[in-house]
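A.B. asks: Sequence:
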Amino acid sequence: MTGSVLDIVAAVLVLLFVRRLTADQNARAMAGNPFPPEPQYPTAGGPVPGV
Numbered sequence: 872m873t874g875s876v877l878d879i880v881a882a883v884l885v886l887l888f889v890r891r892l893t894a895d896q897n898a899r900a901m902a903g904n905p906f907p908p909e910p911q912y913p914t915a916g917g918p919v920p921g922v
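The sequence shown begins at 872 in my numbering and counts up one residue at a time.
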């Protein structure tokens, strides 16, 4: 009996955790990135770092 109760409590906690994590990820995705990522390589004709 105790094992079943613990299983149910664990399942409810996991469900709440997953729902909150999904909501947080959705909020971050909808907010977008206010700054575009910097290019990994300089543009053509631009300065070459380390030279």
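A hint or two may mislead.
[Claimed, not checked] Here are the in silico distance ranges between beta carbons for each label pair:
hint	residue 1	residue 2	range
1	TYR912	PHE888	49 to 59 Å
2	GLY874	GLN896	39 to 49 Å
3	LEU884	PHE906	31 to 41 Å
4	ASN897	VAL876	25 to 35 Å
5	ALA902	MET872	39 to 49 Å
These aren't lab readings, by the way, just hints derived from the structure by calculation.
In this text, a Cβ means the ideal position worked out from N, Cα and C, and glycines have one as well.
A.B. asks: Could you see if the CB distance from GLY874 to GLN896 stays within 39 to 49 Å?
C.D. replies: 32 Å, violated
A.B. asks: Using the Cβ atoms, figure out if LEU884 sits within 31 to 41 Å of PHE906.
C.D. replies: 36 Å, holds
A.B. asks: Between ASN897 and VAL876, does the C-beta distance stay in 25 to 35 Å?
C.D. replies: At roughly 32 Å between Cβ atoms, VAL876 and ASN897 fall inside 25 to 35 Å, so the hint holds.
A.B. asks: Has the hinted range 39 to 49 Å been met by the Cβ atoms of ALA902 and MET872?
C.D. replies: 46 Å, holds
A.B. asks: Using the C-beta atoms of TYR912 and PHE888, is the stated range 49 to 59 Å upheld?
C.D. replies: 40 Å, violated
When each numbered hint is compared with the structure, violations occur for hints 1 and 2.
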